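Asks: Sequence:
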Amino acid sequence: MPELPEVEIIRRSLVDKLEGRRIHGVEILLPRLIKWPSAYEFQALVTGKTIQKLERKGKYLILQLDDSMMLVIHLRMTGRLYFVDNEEKTDRFTHIIFDLGEGCKLLYADTRTLGTLYAMPASELWRIAGLAGMGPEPLTAEFSLAYFRGLVHARKGRIKALLLNQKLIGGLGNIYVDEAMAIARIDPDRLACSLNDQEAGRLYEAINQVIEDGINHGGTTFRDYRDGTGKSGSHQNYLAVYGRKGQPCKLCGTPIERKEVAGRGTHYCPNCQR
DNA sequence: ATCTGCTCCTGGATGC
DNA sequence: TGCATCCAGGAGCAGA
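So in my numbering, the last spot in the first sequence is 293, and the numbers never skip.
Simulated from the structure, these hints should not be mistaken for lab results.
Do not rely on the hints blindly, as some may be mistaken.
Unchecked claim - Cut-off 25 Å, straight-line C-alpha distance, at most; resulting in silico cross-link-like pairs (BS3-like, lysine-lysine):
#1 K186 x K76
#2 K72 x K54
#3 K76 x K250
#4 K250 x K108
#5 K175 x K278
#6 K68 x K54
#7 K264 x K72
#8 K68 x K36
#9 K264 x K278
#10 K36 x K250
#11 K108 x K186
#12 K108 x K76
#13 K76 x K54
#14 K250 x K278
#15 K175 x K186
#16 K54 x K186
All values reported here derive from a predicted model rather than from experimental measurement.
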């Protein structure tokens, strides 16, 4: 599941290949992935435009085209975006093909087809509620300790639900949330407002740390995730709890457990996190 | 404000 | 081995 680190690695792996290239045409094999406007209009809006910038906000990739046209992509669970410069065969999961000329293509593939694509002028980005309403991201000045403490103090719900809420913090998903809570030794079942200042501070540091580590390790590859050139990440080899049910905690040896918290599968050490 | 539950979707894991 | 069922979860939404 691509979260902030994975999307950032995809962006970095594609930026030099995409910026300055012209979109000669778009082949849309699965129109329902285009959420705005219609697939037909989407095609018309991006065809002939040059990719000026490739940016990321939270888990969204944003291709800034000519005339402030924005091509926005969210990979959701199994979306993949990658660049090819030869006549590679495309598999049955390739749903959208951007022809970049000179034999180069940008492919959108997605096994579970939950991903979403949009095209609109910059002035209309408010249409994408999840993008327009996104909270500050880890590792930015806006995501300050004071901001985080304020959130934690004010929220009555579970701390895990807070961390997953993109309106409050942008870019975290299930894997990095479980990891941050493990590193900070916080029980994911705790209510946010029950955390004291010291615990909130530990969690704040852990969030920034797991995101930074995830990026430095090229992302976490469980099954589907690859960067824009097809390369896997390695952060799965460094995980404290996620996907390690039954395996010993790296700190105390207690078997990692899994339960449902805030509607999500949640991995934790029952000894370290309480 | 916050919760639960549902929807989208399919490959892989599990159960018998 | 084969078939049926369950599960993964990002995000949006309805309804409580």
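Asks: Could you run down the list of hints and mark each one as holding or not?
Replies: Status of the hints after comparison with the structure:
no., hint, in the structure
1, K186 x K76, "holds, 12 Å"
2, K72 x K54, "holds, 22 Å"
3, K76 x K250, "holds, 22 Å"
4, K250 x K108, "holds, 18 Å"
5, K175 x K278, "holds, 21 Å"
6, K68 x K54, "holds, 20 Å"
7, K264 x K72, "violated, 41 Å"
8, K68 x K36, "holds, 15 Å"
9, K264 x K278, "holds, 10 Å"
10, K36 x K250, "holds, 15 Å"
11, K108 x K186, "violated, 39 Å"
12, K108 x K76, "violated, 31 Å"
13, K76 x K54, "holds, 18 Å"
14, K250 x K278, "violated, 31 Å"
15, K175 x K186, "holds, 16 Å"
16, K54 x K186, "holds, 20 Å"
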